[in-house]
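Asks: In case you want the letters, here they are:
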Amino acid sequence: MISSTIGIWNYWIVFCLMMIGLFLVIGRKNLLKKIVGLAIFQTSVFLLYITFGKIKGGTPPILNESIDTIYSNPLPHVLILTAIVVGVATTALGLSLVLRINSEYGSIEEDDVSAQDLVDYHDDIETGKNFDLKFKK
Amino acid sequence: MISELLINAFLVTIMLSIAIALIKTRTVIFTVILTSAYSLVAALMFITLDAVDVAFTEASVGAGISTILFLAAMAYLPKKEEESISSEFIPALSCIILGVILIWCSFDLPEIGQLTAPIHQHIAPEYIKGSKEDIGIPNIVTSVLASYRGYDTFGETIVVFTAGVAVLALLEKKNTTKKNKSQPKQKIRKNA
Amino acid sequence: MHNNPILRISTKILFAPIILFGLYVQFHGDFGPGGGFQAGVIVASAFILYSLVFGIEEGKKLFPTNINLILLALGGIVYGGVGIVSMILGDEFLAYNILGSSPQSGQHIGILLVEFGVGLTVSNVMIALFNAFASYDKVKEK
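In order, the protein sequences belong to chains A, B and C.
First residue of the first sequence: 1, per this note's numbering; consecutive thereafter.
First residue of the second sequence: 1001, per this note's numbering; consecutive thereafter.
First residue of the third sequence: 2001, per this note's numbering; consecutive thereafter.
The set of hints was computed from the structure by calculation and includes no laboratory data.
All the pointers check out, no bait thrown in.
With a Cα cut of at most 30 Å, we get these calculated DSS-like pairs of lysine-lysine:
id	chain 1	residue 1	chain 2	residue 2
1	B	Lys1129	A	Lys56
2	A	Lys34	B	Lys1024
3	C	Lys2061	C	Lys2012
4	A	Lys29	B	Lys1024
5	B	Lys1080	B	Lys1024
6	A	Lys34	B	Lys1079
7	A	Lys29	B	Lys1080
8	B	Lys1024	B	Lys1079
9	C	Lys2060	B	Lys1079
10	B	Lys1080	A	Lys34
11	C	Lys2060	C	Lys2012
12	A	Lys29	B	Lys1079
13	A	Lys56	B	Lys1132
In this text, all values refer to a predicted model and were calculated from it rather than measured experimentally.
Please put together the full structure from these sequences, using the hints given.
Replies: Shown next, in the form of structure tokens:
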């Protein structure tokens, strides 16, 4: 019983971590916190994959001389290894977008940004020459 | 085997506590440092799960470079996170419901480390055999990465390249686009 | 940070060993954990450390931006070039068997070159990212 609970304990915590990451993305209004949430979500997905690849009594997938060694599954490792590096590159892209939003709007809170957009939108409607100008930009 | 699983369970619980601290904190520097710590504990997890290459990458990329990038970006951003006006009840509730559904499904997943699990049946044994016979490279991860799945890695390299170019385009061309963009906006404001 | 002697001297001492470790990880990736992705990040971290301690301008003197941008693109070209060469020699794209005298040596050569391309791209992307973030403020002032 205990061993079977520990056997799926990893999955439970990984799912909790995923949900925490998802909550940071959809629940928090701070754009930097959203990117951190994405990173948390990403890492928990990596953990899930690597957990699938583990074999009891296995060794890391580096060949050695003895014949009857059990190697853990190398395929998830390959997928995740590249995903980590791509993940940091996309995180950097998100951060640079946040920097640009901060310099245009003076804030990285989603409420402020959308409020400013709303004010601009109503100004445009009142002046009348709104939409084609907006689309030309 | 049990002790290995216990170490795993312990580390993953540390990660959970770090993630909960991340929800609570409102200071940006604390957030960044906690993210770095989270990556480092994840790297330890990867070692106990036999993924040495992944652990190496996570320690150098996740805990190293990404923290530096966060710190560099943080210098231009507000240092405190504001309390949000809108309620966080609905997002929290939907996350909890989704989490409960996922945990409910987890009873159908194979236990950790079962050799009979479907993932270990299909193509991995061929790679392990072929890495010795066809390629002659001891590190199976490298041989799968660069040879069997060479197309994937080519694509990933191009993605990294594209992301780098996109960041350069976003951050460096600023002074030319800014002038053109901000002037019409002010005009509209004056008319209103 | 620029006037702290401990930081300056330890950076100068650490710089070469970090590069050496990066090269070890790059070319020992066939036999142990490592490979182009990790090595690229480690080599980049040496240059980032230098830029952090001595300032971004000194870092750009050490590793000029235009060389950085050329190498950034060169990594992908090396990777794709290996595929093109194997096509010219009469096999499929990225099939390394034909590159050497025997299939196994062909695989060795192909994997080494491909990993080198990956390392080149990753290290230069990381340096370029850091430079872009660190010099963002100066762009703003102009």
